[in-house]
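Listed below, chain by chain, are the residues.
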Amino acid sequence: MTELCGVTLRGPVLNGSGTFDAIAARRAFGDALLDRFPFDAFVSKTITLEPRQGNPPPRLWEAPGGLINSIGLPNKGLDGFLASDLPELAALPVPLIVSVMGFSRDELAALVAAVGARDEVAMLELNVSCPNVETGLVMGADPAETALAVERVRPETEKPLIVKLTPNAADPAAVAVAAQEAGADAVSLVNTLKGMALDPKTGEPWLGGRTGGVSGPAIRAIALEQVAAVAGRVEIPVIGMGGIATGRHAADFVAAGASAVAVGTESFRDPAAGRRVAAELAQLSLGGARRAPASTTV
Amino acid sequence: MTEPRTLAPPERRVARVSGVERLGAYDLITALDRSGPRDPCPGQFYMLAAVDAWGGGVDERPYLPRAFSFARGRVEGDGVALGFLLEAIGPGTERLSVLAPDESLALVGPLGVGFRLPARGTRPLLVGGGIGAAPLLCWQEELGQCTVLLGFRSAAHAQAAALFAGTPRVVTDDGSVGRQALVTELLAKELDEDAHVTVYACGPPAMLEAVRALCAERDVPAQLAMESGMACGFGACFGCVVPTKDGYVRLCVDGPVLDCDLLETAL
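Residue numbers (my numbering), protein chains in the order written: chain A, 585 to 882; chain B, 104 to 370.
FYI, nobody ran anything at the bench for these hints, they're computed from the structure.
C-beta atoms are modelled at their ideal positions from N, C-alpha and C, and glycine is treated no differently.
Do not rely on the hints blindly, as some may be mistaken.
What the hints assert, rightly or not - Which residues of chain B face chain A? A few of them, derived with a C-beta cut under 10 Å, are:
1) E163
2) P168
3) C340
4) F341
5) G342
6) R353
As the list claims (entries may be wrong) - Below, simulated EDC-like cross-link-like pairs (lysine to aspartate or glutamate); rule was C-alpha separation at most 20 Å, straight line:
7) A:K743 <-> A:E587
8) B:K292 <-> B:D276
9) A:K778 <-> B:D162
10) A:K743 <-> A:D690
11) A:K660 <-> A:E704
12) A:K743 <-> A:D769
13) A:K785 <-> B:D162
14) A:K660 <-> B:D349
15) A:K778 <-> A:E809
Construct the complete structure from the given sequences, taking the supplied hints into account.
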């Protein structure tokens, strides 16, 4: 059992927001998905106040050891989410964490108030870091902006607030400290790293959104360093993620200070990756002493 | 009508490669799936990856699994022998094309929705372009005897026509097999003679768009098995969207077979 911000989870493995659509997965896998649910808590795809179509395709580019995506936060908007998605997500066998993103602090506050008021929701995650949408302002890149956002939404709910940190910041640990001081209950990191791919034929950006976010094993070393740096500066729980594909990787993030971990891109390769990572991590924990790392330079 | 969607187990599993067959430009890889459903619907697809040496090629690719409609699904002993037709054109298909018997193939599936039965009062008409012949093979097996029109680049590619029952009509881009023509020319002639058909088509985007336009102007029902780059195959990544009259839809969960009526364009 894992306790995260006062919520009891059966284990420490979550999904990264936007890397698993439990509603679509249930269409593909049926109720077997619920019987063998891959995560110990489920984090929704980010919702915004208004519906969004997302970015024009192409949206994906396979990168060395990973993926660049430019999805653009397609979602049904707050009303559509509450009416059609929330009842289905409430049927999942694990606590629900809803990810929200606003294009202003007031919009974020409205989302937090509306979502936080629902009994089906155990916690909220503030997406202040998505690098794909042309807001002109990435709140999570700046400690002061992050503090203002968290201070604005904090009074809107008593439920735990997780701030999802972006790795595309000069000092992610300073942003984490600012989030903590403004009332965040936990931080999660990393979101995707900004990236780009060019069409080999034209030399123009391949992705419809021109730039995208890099995820997968390619970013694991960077994520691990940022998790360690953040965990060294804050008292609140840290949820670590970035290229986790095995229990050994998860154990590394725990050793770096994470209280829980999330599996993202690896779920694209295997929908049961979260369950496998949890089992492998439990096995390693039983083993006690840390074994040799999976790879070294020697 | 319930949609033609056989549910997949919610995890990646391993199947043993039981056969590899070279067919000119293509490879037909057969794997014995002993832990998945025995009744996938024609038009559905699987996400495939080699268990060994998946990654570490040029640019450290492949990393993600690759989506393939199954071309054959025949119950065999305690499993189903799944046949996949592929052409080595990139790091993923190159690795899959050199799979050897007894090697392990990782798969998730069957995924997506398959072909729906012909509209009332119509006969099925199958139209394939290149590797797009794959899902039409198992659909023909299920439908029984039906007209099949196929277009290929060259004689090497046209060898895939031999997989079909009966005598499919074949044209090629270079005239090396059949006439030098586009398969849509055959389709236009068929529709002119008898438009009481439901068209099932799979092939490259330009061909599918030509099929869509031909069928739309004649009010002929048509179902297109479409393709788009996918990371996951089960709706998680939102990467495989195509534009429709209802906005973007994910081909992996709402397709890959889409009704022509839903599309402004198949490009």
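Mind checking the alpha carbons of K743 of chain A and D769 of chain A for me, to see if they're no more than 20 Å apart?
Roughly 9 Å separates the two Cα atoms, so the pair holds.
Should the interface hint for C340 of chain B be scored as holding, given a Cβ-Cβ cut-off of 10 Å against chain A?
holds, 6 Å
Measuring from the C-beta of R353 of chain B to each C-beta in chain A, is the shortest one below 10 Å?
holds, 7 Å
K743 of chain A and D690 of chain A were given as a pair; does the straight-line alpha-carbon distance stay at or below 20 Å?
holds, 18 Å
Next pair to validate is K778 of chain A with D162 of chain B; report whether the Cα-Cα distance is within 20 Å.
At roughly 19 Å apart (the allowed maximum being 20 Å), D162 of chain B and K778 of chain A satisfy the hint.
Under the criterion of a CB-CB separation shorter than 10 Å, is P168 of chain B in contact with chain A as hinted?
holds, 6 Å
Restraint status (C-alpha distance of K785 of chain A to D162 of chain B at most 20 Å)
holds, 17 Å
Under the criterion that the straight-line Cα-Cα distance not exceed 20 Å, is the pair K660 of chain A, D349 of chain B satisfied?
holds, 13 Å
Would you check whether F341 of chain B satisfies its interface hint, that is, whether its CB is within less than 10 Å of any CB in chain A?
holds, 5 Å
Holds or violated: is there a CB of chain A closer than 10 Å to the CB of E163 of chain B?
Since chain A brings a Cβ to about 4 Å from E163 of chain B, closer than 10 Å, the hint holds.
Hint check: K660 of chain A vs E704 of chain A, CA-CA at most 20 Å. Holds or violated?
holds, 18 Å
K292 of chain B and D276 of chain B were given as a pair; does the straight-line alpha-carbon distance stay at or below 20 Å?
holds, 18 Å
Consistency note: the structure conflicts with none of the earlier hints.
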